[in-house]
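A.B. asks: If you read the protein sequences in the order shown, they are chains A and B.
Residue 1 is where the first sequence starts when you use my numbering, and the numbers rise one by one after that.
Residue 1 is where the second sequence starts when you use my numbering, and the numbers rise one by one after that.
No lab work stands behind these hints: they were computed from the structure.
A couple of the hints might just be wrong.
Straight-line C-alpha distance at most 16 angstroms; calculated EDC-like pairs for lysine to aspartate or glutamate [to be verified]:
1) B:Lys116 / B:Asp62
2) B:Lys85 / B:Glu110
3) B:Lys165 / B:Glu153
4) B:Lys165 / A:Asp208
5) A:Lys519 / A:Asp622
6) B:Lys165 / A:Glu254
If you want the ones that stay clear, here's a sample from chain B, every Cβ over 10 angstroms from chain A, calculated [said to hold, decoys possible]:
7) Asp41
8) Pro118
9) Asp161
10) Ser187
11) Ala193
12) Leu206
13) Ser236
14) Arg247
15) Val309
16) Arg326
17) His345
Remember, predicted model here, so these are calculated numbers, not experimental data.
Each residue gets a CB set at the ideal place from its N, CA and C atoms; glycine is no exception.
Residue strings, one per chain:
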Amino acid sequence: MKRPLLLLALGFSAWQAHAQGTCATAVNTVLATYYVAQVDGPEAPTPICTGGSTATLGRWYKYTATMDTVLMLTTDLAQNNGTDTRVHIYTGTCGNLTCLAGDDDSGSGYSSVVIFGVTTGTTYYIAFDNRWTASGFTFELRYAPPPPPIGGFTPQYVTTNGMAYCVVDMDGDGLDDAVSVTATNININYQLPGGGFTNVNRATTQADYTPSWSLCAGDLDGNGYTDLVYAGSGVTFMLANDDGLGFTELSQPEYIFCQRSNMVDINNDGELDLFVCHDVQPNVYYLNNGDGTWSWHQGGLGDQPDGGNYGSIWIDYNNDGNLDLFIAKCRGAGSPASIDELWRNNGDGTFTNVATAANFMADYHQSWSAAWADFDNDGDLDVMIGTSSFAGGGHKLLRNDGNDVFTNVTAGSGFDLFGGSSIEFIARDFDNDGYVDVLGGGALMRNNGDMTFTMMLVPCDNGPTGDLNNDGFVDVQNGNTIYMNGGNDNNWVKVITKGTISNANGIGARVEVMTPAGKQIRDIVSGDGFRYMSTLTAMFGLGQQTEITQITVRWPSGIINVVNNPSINSTITVIEDETQDVAMGVPTTVKPNLTVYPSPARTTLYLNSTRELAGSRISIIDLTGKVVATPTLVEHGIDISKLAEGLYIVKVETASGTLSARFVKE
Amino acid sequence: MAKRSAFLLVLLVVAAFIGCRKDEAISLGDGVPSGGGPVVDLDQVPYPLLSQYGFFVGPLADMRPAPGVEPYEVITPAFGDYAEKYRFMWIPPGRKASYVADGQALDFPEGTVLMKAPFYRRVLPGMGRQILDTRLLIRKNGTWIFAEYIWNEEQTEAVLDMQGKNVPLTWVDDDGQAHDEIFRIPSSGECMACHMKSGERIAISLKPQNLNRVVDYEEGPMNQLAKWVAQGYLESGYPSNIETVARWDDPDETLERRVRAYLDMNCSHCHNEGGFCGYRSMRFAWQESADPAHLGVCIPPDDPFEPGVQYIVQAGNAQRSMLYVRLSSTDEAVRMPLMERTVRHEEAIQLVADWINSLPPDCP
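Just chain A, same shape as in the assembly (with noise of 0.2 angstroms):
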């Protein structure tokens, strides 16, 4: 008897399967309550709603809205006995899916519970699959109350492909993009201006190595096209080239355990450079020869034989307009590997690991990243250098108090009192209130504003950050899940940095934003936390404060450009100008000049220098920091003669280092 009734099963089974089984054959529901039998079906969901790996079978079913409402789907029911399921909701076309939502656990147990709003006339797409088990369950759909925005954040899901590690302006039109890549393709949503994104493969040669320990991001060749760096074995530099319409990929021959990898001007020649931490030997980085070819070194910035090298941030700790090297370090109980280090830029090129006199403990402290920011608003960067085992202890906030000197003020500021641990801690202020918070450890840490911090739980755990809407506050993605920061009455500003004899983001400028309550400073930085790329736009929250008397910006050339009174609640592009320096009480040197005429020139424009101009690249920079030419200098003049009408910067890179000047094109 029993075999006749097993075969029968199995038949059902199968036509069940074939019902089913793939998005194609999906059944119509309607709010009710339905019997999996099984996780059998061959096309497993994609993509990913839940955050998590992918599976390898899908059961597939499909609802049209009737109104517009919130529904509920839930496995949380007592005849399902726990079962574990995984459910996907799905906007869109059959091979084109768009995620609207998924849980995996919400529910008691190992079930799901997911609450979704649906619009009339829509057919949505409701998928599970076998992550964790095939086995058969009972899926209720229902009405549902709306779900109220968690901590301010709500999630959006959005295409990618591959790792979703770097949210950062692609094309230069001052708007964050989110970009995701594998091995051979980059994946950008671009964001767009009306709001939205929209989604381009840019495929590329196999690269070597993927971002599988950190992505950086920056214009290494000032072309106007940010480019990527793949922290691997080893590093590989994506190139975008000068259509911003694909990459040119070029991997790197050495052997690096990557950890963080950062952009930065290392030699302070105008060219962006790459710094990788090394996990098990000294650090490493690339000098751009600013040729297409770079220059490796090993050694001079944490030469620990043994590593322990993690969570790098190049930032200028001591104002002093040099930029400094923090390293995270990490390492078993009582290895000199974990020792943090704060190397100091003594500005002449070498640079001096300072941190025991600074008062970092030379401790067996544990972490992978340290989030820097100037938490009291007093004019220099302190530090919060996340825990991530609390074997060595617990986190460390250390005050900024000038004199190349931290004061341990952990205790009482509500760090000391703080569970979570993480490899990713980073410094944002997320609700704009002028004060910068602290996101790690499976919590944000809200600045109160006086050097404390009180604890709000977030639905999303650390990823790249960005402003993914322009609407001025910070946002989080989490793989194809971009949480949007809802925001509040807070007013902001946006700077965004476009160096023209300083590398081409600014970065490693110090931005500075005066408003009647006072300064806040923010420093440029490619490759914060432990793994991911965050923006490269400074953003500030003001508060109430109405009005910004002055936007400074220190570029590392040592030029310091100001932008009175700009409006608030707008993205300000700042360009480097020679021609506007304002040596405001520093100290300066006479620079080598560029002069330029005749003003306003028609189709030639003749340079003159006191250093040698033959042999120099030129580029003629519009007022968005774009190249819009790279002109060859004939005996002392350059051919304008195609520009459009308008004000452009020329830039000289000379053997000496590199000039500029304004010029108007007629």
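Using the hints provided, position chain B relative to the given structure of chain A.
C.D. replies: Only chain B this time, still in chain A's reference frame:
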């Protein structure tokens, strides 16, 4: 099953060496110092060439040990992308190693050299044996120095090189299946990742608990440690009740003891108090791992790992256990061990899955 037969083959090879040592006249091959026998001048080591030590007789690649060079066997070996390994020990005449603790490498005298040489038995296109490198730990000034010798293509010599190297090759397993591989020869920094504890350099596999086994010597089966005492390599008087590890692939052992043995030899040199990853809560050394919490059972990881994977070991559910996911992964930022493994060790993954799934599902 493939691993099991490979293991037996190693035993046979070792037995053959021991036979050679007794029966054959020693003829000096290419590159062997004219005086014959090992020469370890601590002022000169590491030598530029492997042959200069005189550790081997006949063609170097035959790895036939010279008198005094002792092949040794461990109970549970470290996995290294399915490469087999030659293991030798040389202790200067008249000196002896001594017992410290069951789970701590023997205290070796000044001048000791420990050797490990990974190789694949059949490599395409010629189906010949290929030795990748030979790694020496040399006891000098009371610590270990590392010396990494990389073999040339002709397999006639191995040259000192501490920079590490990636060697692409295709090896063929016992079932005739070909496997593409980029074999990683470690740099000095990578050596230190495992061979370091609290800033001190350590030997890993030569722990009494991993050596305390019977080996088939020419004169008959004998306990390896007892044999070493008899030969004068080891001080007598070590404890008779050594807490000995299980063989990870012994079907007669319990799943738990096999898993603990595997984790001990593959993971515990980083996951101990002073190790590379000592700051994580796992304690995988044999003498520490009887405590389920040290294995991560129902313990959440320090960082959110993957949605749905809430514990290092989710008792009763391998799929939802970080330990299983990391052992299964080949992604270099996810996989464990971080080093010495780029491919999946299928038999070990299955073992760990079976063990986790056998645990009562008691995590909260």
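A.B. asks: Now tell me, hint by hint, if it's right for this structure.
C.D. replies: Right, here's what the structure says about each hint:
1. Simply put, B:Lys116 and B:Asp62 have alpha-carbon atoms about 14 angstroms apart, close enough for the 16 angstroms limit, and the pair holds.
2. Straight-line distance between C-alpha atoms of B:Lys85 and B:Glu110 comes to about 25 angstroms, which puts the hinted pair past the 16 angstroms bound.
3. For the hint pairing B:Lys165 with B:Glu153, the CA-to-CA distance comes to about 13 angstroms; that is within 16 angstroms, so the pair holds.
4. This hinted pair checks out: B:Lys165 and A:Asp208 have alpha carbons roughly 15 angstroms apart, not beyond 16 angstroms.
5. A threshold of 16 angstroms between alpha carbons decides the hint, and for A:Lys519 with A:Asp622 the separation of about 30 angstroms lies outside it, so the pair is violated.
6. Between B:Lys165 and A:Glu254 the alpha-carbon distance is near 10 angstroms, which keeps this suggested pair within the 16 angstroms criterion.
7. Remark: the non-interface label on B:Asp41 is consistent with the geometry, its nearest Cβ contact in chain A lying 24 angstroms away (cut-off 10 angstroms).
8. The beta carbon of B:Pro118 is kept farther than 10 angstroms from every beta carbon of chain A, the shortest such distance being approximately 18 angstroms.
9. Every beta carbon of chain A lies more than 10 angstroms from that of B:Asp161, the smallest distance being close to 12 angstroms; the non-interface claim holds.
10. With a closest Cβ-Cβ approach of about 6 angstroms to chain A, B:Ser187 is found to fall inside the 10 angstroms limit, against its non-interface label.
11. Here B:Ala193 does not stay apart from chain A, with its beta-carbon only about 5 angstroms from theirs, under the 10 angstroms limit.
12. At roughly 20 angstroms, the least C-beta separation between B:Leu206 and chain A is larger than 10 angstroms, which holds for a residue marked as non-interface.
13. With 10 angstroms as the threshold on Cβ separation, the claim that B:Ser236 sits away from chain A holds: the shortest Cβ distance comes to roughly 33 angstroms.
14. Against the 10 angstroms criterion, B:Arg247 stays outside the reach of chain A, whose nearest CB is about 28 angstroms from its own CB.
15. With 10 angstroms as the threshold on Cβ separation, the claim that B:Val309 sits away from chain A is violated: the shortest Cβ distance comes to roughly 8 angstroms.
16. For B:Arg326, the condition that its CB be more than 10 angstroms from all CB atoms of chain A holds, with the nearest at approximately 13 angstroms.
17. No Cβ of chain A comes within 10 angstroms of the Cβ of B:His345; the nearest lies about 19 angstroms off, and the non-interface call holds.
In summary, the numbered hints that this structure violates are 2, 5, 10, 11 and 15.
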